[in-house]
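Engineer: Residues per chain, in single letters:
2 protein chains.
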Amino acid sequence: MPTYDAPLREYRFLLNEFLEISRFQNLPGFAEATPDVVDAVLEEGAKLASEVLAPLNRVGDVEGCTRHADGSVTTPKGFKEAYKLFVEGGWPAIGADPQFGGQGFPEVVTRLFSEMMSSANMAFGMYPGLSHGAYSALHAHGTPEQKKKYLPKLVTGEWTGTMNLTEPQCGTDLGLMRTKAEPQSDGSYKISGTKIFISAGEHDMAENIIHLVLAKIPGGPEGIKGVSLFLVPKFLVNEDGSLGARNGVSCGSLEHKMGIHGNATCVLNYDGATGYLIGEPHKGMRAMFTMMNEARLGVGLQGLSQSEVAYQNARTYAKDRLQGRSLTGPKEPDKPADPIIVHPDIRRVLMNIKAFNEGARAFMLWTAMQGDLAHKSGDAKERELGDDLMGLLTPVIKGYFTDMGYRNATDAQQVLGGHGYIAEWGMEQFVRDSRIAMLYEGANGIQALDLVGRKLATNGGRAVFAWFRLIDTFLEETEATPELAPYCDALRLARMQLEEATTWFMANALANPDHAGAGSMDYLYLFGLTGLAFMWAQMARVANARLANDKAGDRFYETKMHTARYFIERVLPEASAHLAKIKSGADPVMALPADAF
Amino acid sequence: MPTYDAPLREYRFLLNEFLEISRFQNLPGFAEATPDVVDAVLEEGAKLASEVLAPLNRVGDVEGCTRHADGSVTTPKGFKEAYKLFVEGGWPAIGADPQFGGQGFPEVVTRLFSEMMSSANMAFGMYPGLSHGAYSALHAHGTPEQKKKYLPKLVTGEWTGTMNLTEPQCGTDLGLMRTKAEPQSDGSYKISGTKIFISAGEHDMAENIIHLVLAKIPGGPEGIKGVSLFLVPKFLVNEDGSLGARNGVSCGSLEHKMGIHGNATCVLNYDGATGYLIGEPHKGMRAMFTMMNEARLGVGLQGLSQSEVAYQNARTYAKDRLQGRSLTGPKEPDKPADPIIVHPDIRRVLMNIKAFNEGARAFMLWTAMQGDLAHKSGDAKERELGDDLMGLLTPVIKGYFTDMGYRNATDAQQVLGGHGYIAEWGMEQFVRDSRIAMLYEGANGIQALDLVGRKLATNGGRAVFAWFRLIDTFLEETEATPELAPYCDALRLARMQLEEATTWFMANALANPDHAGAGSMDYLYLFGLTGLAFMWAQMARVANARLANDKAGDRFYETKMHTARYFIERVLPEASAHLAKIKSGADPVMALPADAF
Numbered sequence: 179m180p181t182y183d184a185p186l187r188e189y190r191f192l193l194n195e196f197l198e199i200s201r202f203q204n205l206p207g208f209a210e211a212t213p214d215v216v217d218a219v220l221e222e223g224a225k226l227a228s229e230v231l232a233p234l235n236r237v238g239d240v241e242g243c244t245r246h247a248d249g250s251v252t253t254p255k256g257f258k259e260a261y262k263l264f265v266e267g268g269w270p271a272i273g274a275d276p277q278f279g280g281q282g283f284p285e286v287v288t289r290l291f292s293e294m295m296s297s298a299n300m301a302f303g304m305y306p307g308l309s310h311g312a313y314s315a316l317h318a319h320g321t322p323e324q325k326k327k328y329l330p331k332l333v334t335g336e337w338t339g340t341m342n343l344t345e346p347q348c349g350t351d352l353g354l355m356r357t358k359a360e361p362q363s364d365g366s367y368k369i370s371g372t373k374i375f376i377s378a379g380e381h382d383m384a385e386n387i388i389h390l391v392l393a394k395i396p397g398g399p400e401g402i403k404g405v406s407l408f409l410v411p412k413f414l415v416n417e418d419g420s421l422g423a424r425n426g427v428s429c430g431s432l433e434h435k436m437g438i439h440g441n442a443t444c445v446l447n448y449d450g451a452t453g454y455l456i457g458e459p460h461k462g463m464r465a466m467f468t469m470m471n472e473a474r475l476g477v478g479l480q481g482l483s484q485s486e487v488a489y490q491n492a493r494t495y496a497k498d499r500l501q502g503r504s505l506t507g508p509k510e511p512d513k514p515a516d517p518i519i520v521h522p523d524i525r526r527v528l529m530n531i532k533a534f535n536e537g538a539r540a541f542m543l544w545t546a547m548q549g550d551l552a553h554k555s556g557d558a559k560e561r562e563l564g565d566d567l568m569g570l571l572t573p574v575i576k577g578y579f580t581d582m583g584y585r586n587a588t589d590a591q592q593v594l595g596g597h598g599y600i601a602e603w604g605m606e607q608f609v610r611d612s613r614i615a616m617l618y619e620g621a622n623g624i625q626a627l628d629l630v631g632r633k634l635a636t637n638g639g640r641a642v643f644a645w646f647r648l649i650d651t652f653l654e655e656t657e658a659t660p661e662l663a664p665y666c667d668a669l670r671l672a673r674m675q676l677e678e679a680t681t682w683f684m685a686n687a688l689a690n691p692d693h694a695g696a697g698s699m700d701y702l703y704l705f706g707l708t709g710l711a712f713m714w715a716q717m718a719r720v721a722n723a724r725l726a727n728d729k730a731g732d733r734f735y736e737t738k739m740h741t742a743r744y745f746i747e748r749v750l751p752e753a754s755a756h757l758a759k760i761k762s763g764a765d766p767v768m769a770l771p772a773d774a775f
Numbered sequence: 179m180p181t182y183d184a185p186l187r188e189y190r191f192l193l194n195e196f197l198e199i200s201r202f203q204n205l206p207g208f209a210e211a212t213p214d215v216v217d218a219v220l221e222e223g224a225k226l227a228s229e230v231l232a233p234l235n236r237v238g239d240v241e242g243c244t245r246h247a248d249g250s251v252t253t254p255k256g257f258k259e260a261y262k263l264f265v266e267g268g269w270p271a272i273g274a275d276p277q278f279g280g281q282g283f284p285e286v287v288t289r290l291f292s293e294m295m296s297s298a299n300m301a302f303g304m305y306p307g308l309s310h311g312a313y314s315a316l317h318a319h320g321t322p323e324q325k326k327k328y329l330p331k332l333v334t335g336e337w338t339g340t341m342n343l344t345e346p347q348c349g350t351d352l353g354l355m356r357t358k359a360e361p362q363s364d365g366s367y368k369i370s371g372t373k374i375f376i377s378a379g380e381h382d383m384a385e386n387i388i389h390l391v392l393a394k395i396p397g398g399p400e401g402i403k404g405v406s407l408f409l410v411p412k413f414l415v416n417e418d419g420s421l422g423a424r425n426g427v428s429c430g431s432l433e434h435k436m437g438i439h440g441n442a443t444c445v446l447n448y449d450g451a452t453g454y455l456i457g458e459p460h461k462g463m464r465a466m467f468t469m470m471n472e473a474r475l476g477v478g479l480q481g482l483s484q485s486e487v488a489y490q491n492a493r494t495y496a497k498d499r500l501q502g503r504s505l506t507g508p509k510e511p512d513k514p515a516d517p518i519i520v521h522p523d524i525r526r527v528l529m530n531i532k533a534f535n536e537g538a539r540a541f542m543l544w545t546a547m548q549g550d551l552a553h554k555s556g557d558a559k560e561r562e563l564g565d566d567l568m569g570l571l572t573p574v575i576k577g578y579f580t581d582m583g584y585r586n587a588t589d590a591q592q593v594l595g596g597h598g599y600i601a602e603w604g605m606e607q608f609v610r611d612s613r614i615a616m617l618y619e620g621a622n623g624i625q626a627l628d629l630v631g632r633k634l635a636t637n638g639g640r641a642v643f644a645w646f647r648l649i650d651t652f653l654e655e656t657e658a659t660p661e662l663a664p665y666c667d668a669l670r671l672a673r674m675q676l677e678e679a680t681t682w683f684m685a686n687a688l689a690n691p692d693h694a695g696a697g698s699m700d701y702l703y704l705f706g707l708t709g710l711a712f713m714w715a716q717m718a719r720v721a722n723a724r725l726a727n728d729k730a731g732d733r734f735y736e737t738k739m740h741t742a743r744y745f746i747e748r749v750l751p752e753a754s755a756h757l758a759k760i761k762s763g764a765d766p767v768m769a770l771p772a773d774a775f
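Chains as they are written, first to last, in the working numbering: chain A, 179 to 775; chain B, 179 to 775.
In isolation and in its complexed conformation, chain A is listed as follows (with noise of 0.2 Å):
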């Protein structure tokens, strides 16, 4: 039974030495996340994650949801008592705005409590986690009363909320969509159609649920610009707050899935339900990509939390589990053979693993950093870096981050060699469950043409061009430091990659935009990798100068130096394989005709 430990060394080192927060103190929300009080939270969600959600993830996988001829879905046993709990202890509020009873924390502290809680059940942590970009796409684009309506209960978690896109002819292209919303009198709308792939559909966890839902304004334009966003309540709201009637929304069926099966996956019919529209008309894609970035970054952070799980289960294994010598002799002579983790393909592993995620979490982090200063700033300038940065880096998250977390639990599942393929260990559940992540908010492919074709080329290249300058302003800061040369030397190499592909593309894609499409995913990667290579040479910066000052000999600080190295020497070499991939252009991968497939 795989059990899960959350690495709050790490979170400590990376809010207080990495992103120093303290030096945010200006903004909202950072004042009163002081080192203890943050601490705090978080050892109380370790609490939470490890002891209440963990337990019940092989439970959720092995029993799965089911759904009732009435159309109601029971969640699997230990789900509901679970939920209860996360209710009491007020988990659904601390990133919410204090206006509507939230408790206000910074991004920086509420990804990490998410997550915690989807490292210990991915599938548990969807329900609250599509709760709140329902509550997001309603705080940005509600009406004061609509707000006021919903979002204190979605808050609470006394409600949840769902996100409505996908029909059965159209997932990525949304311009495709059926689904109607026709005007009533009273300014409400009738939605009728099929929606499917909604994660938390329908449950028994919470006593109503806000559907947001996209649909069409018979009439409107064509296409995408026809779309509009509808709030869509389970349970009809009475103007006194409590519930009314059952609204024409139901669970047609659930999903039989590969993985998250503690989720329910639904097919919902909208028969004539009412709803009620956010935002304006044919305007609704706007609202959505709101919740959307929120929630791609999130499934970014799903990528990270299954490979943090799965490498933690792989390290216990690989410490217990005797079998062989070491190459270099024996180093437990006494007992039977050696445990496998003096090998160095299962120390390879380990360190690959170790890598990504010390890295991926520090990149997550510094990006959510952005969001808090895009979101907070009083500075015109900051606010607007944040926002260029945030926007470039949610597709390279949610991509590099949901296909390493997948490779990384598929290698940790490998260290368990057959008994990795066996249920009861718990890899091959973290396996199915980390595939999700890099098929739903948008497949893999889609961020990458959403980064290439989009963000890279949004007000003539502003953001990438900042990333560029945010990497040399540390370079300059840095390169004279000895002890920080090999970094600093491989992060130089990645960046100047980084930026012959982004030149590359410039030069190229007008000419044939499949010079994009067919290098778009290898500059995903490429991207990634310097991500993380800018992420782990400030961290050997800071290591480096505690080594140098009060910590010496601090293991911590030790394994930080080593782990760069790692990265440097044993992953980033992966970069140039992705670069000459690029730059050979739409012509290997367009030559064949479609039909000669």
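One should not assume that every hint holds.
Any copy, or any two copies together, can satisfy a pair, since identical chains are not distinguished.
Pairs of lysine-lysine, DSSO-like flavour, derived with a Cα cap of 30 Å [what the hints assert, rightly or not]:
| no. | residue 1 | residue 2 |
| --- | --- | --- |
| 1 | Lys761 | Lys255 |
| 2 | Lys403 | Lys509 |
| 3 | Lys358 | Lys509 |
| 4 | Lys326 | Lys509 |
| 5 | Lys262 | Lys513 |
| 6 | Lys513 | Lys225 |
| 7 | Lys509 | Lys325 |
| 8 | Lys262 | Lys729 |
Hint data in this document are derived by calculation from the structure and do not stem from the laboratory.
Once you've looked at the hints, dock chain B against the given chain A.
Structural biologist: Frame of chain A, contents of chain B only:
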């Protein structure tokens, strides 16, 4: 519901144009394997695979195997009937020795039949796969009496076979084995112990099961040198060949696995079961290696088989699914959207898998030809070379093909977007089924260690030097042909990189064996890439000659040239990254002490 269509055109190309097997009519079995006969066999096999086995693939996954209270095991609905057809068709016999009722077809033909069977239904294909392994070990190491008694029934398929190695405390490190074999006065042994992960260990498809079991004779040498191989029939066999008493071996439970649910993976309890020694006492590993090498190539083939069937279904979806428009303007303007095969990133995934499948199949068949030569050639030098190359390439094919098979199944699943995660589409089963191939028959890390730590060094590196010489000879013969220059240049570079890595190991691993261990998996990948580059260059030579002569404009050969080009421009650049990682040595991998993880 996924489908399978055997790539018969590819098979004909490989046998008749790439390998030109008609050159080998002097070898036993080849003279009878005329193009017409082989075509007829493969076409019949293709029908069995597509029409009988493929439709049972999902049934097997959903239903799985059932163990009853008496220890008997029922296979999924339809498996028993399919196995009956398989036996009636004479398929178990195609590669077997005519002396025992076999048809004596060359390995280059039988491997293709195995590929079809495994693509269509990997879990089903494992039953005859294990039987063939048992057949081979017995054929190589049994006494004449043992062969006469057991082989004919394995050849007809009336009986099946198993391999019993693993125990709970003993996987890779077989020296830790505890199963005991007590000598009896009649020359037989009493076998006692528990074996786990026994594929096809108990089932209802055959009237008897011949277990090959590793066990220790008390008083023998310690560790691996005291392991002997035994034959333990489920039902004892009387002198007249009829079945006698039930033997003391029983299925204690079935494992709950990530995939291959249609195969019964058993815990087998041996309670003083009657067993017969195969070969000499304490020399069991030698006999087992006969089975293991053959089985490892078979497992490599499973990787290819899942990559192939996953590719076929992703290709169908990519042509059918309408979503979005081509970056270069609508391709099917009369439809609501273009099929997603117009998108370069989808095309990239399909080309990636296609380039692997065709290159890997050539590599598999080229290696199987070495096996035929090793076993059947009248020339001692040719036998030695065949044997050297088989030994060298077996871990490469097992490790590289199964890693790629899983990766490709995952990538093919990705083409379906969210639908890829839904069980009914069948793609996620290919991912789960293919996953086991990286783990069993020696986890891929063990393959890499076998390659670097054993196969490179055997006979002073004779095998790897022969490999380099074969490439050099090809390059000398070919590089003057201008159309082939890009393929030769790419192959030459890969070959130099592989040689550089080989030399690096030779120079450094003696001082510190961890240098070999730390780079072993990258070396295996580098070897796999070089192998595919060699095969693609040879295929390009054939295709180019055909296009220049009688087949100008023939799309099959043009497609081969394009796909070869894709491989060298879009896949082979990965070789450099592997070389760089190898040359960074053990230090970054081993810098952290075990207890710092």
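Engineer: It remains to establish, for every hint, whether it holds in the given structure.
Structural biologist: Results for each hint:
1. When the C-alpha separation of Lys761 and Lys255 is checked against a cutoff of 30 Å, the pair qualifies neither within a copy, at 53 Å, nor between copies, at 52 Å.
2. Taking the closest pair of Cα atoms, Lys403 and Lys509 come within 30 Å of each other only across two copies (22 Å); inside a single copy the shortest separation is 66 Å, beyond that limit.
3. Taking CA atoms no more than 30 Å apart as the test, Lys358 paired with Lys509 passes between copies only; the shortest distance there is 28 Å, against 68 Å inside one copy.
4. In the homo-oligomer, the alpha carbons of Lys326 and Lys509 never lie at most 30 Å apart, since the shortest distance is 65 Å inside one protomer and 48 Å across protomers.
5. For the homomeric pair Lys262 and Lys513, neither the shortest alpha-carbon distance inside one copy (47 Å) nor that between copies (49 Å) is at most 30 Å.
6. In this assembly of identical chains, Lys513 and Lys225 lie within 30 Å of each other by CA distance neither inside one copy nor across copies; the values are 35 Å within and 54 Å between.
7. Taking identical chains as interchangeable, the C-alpha atoms of Lys509 and Lys325 are never at most 30 Å apart, the minima being 63 Å within one chain and 45 Å between chains.
8. For the identical chains of this complex, Lys262 and Lys729 are neighbours neither inside a copy (43 Å) nor across copies (72 Å), given an alpha-carbon limit of 30 Å.
Checked against the numbered hints given earlier, this structure breaks hints 1, 4, 5, 6, 7 and 8; the rest are met.
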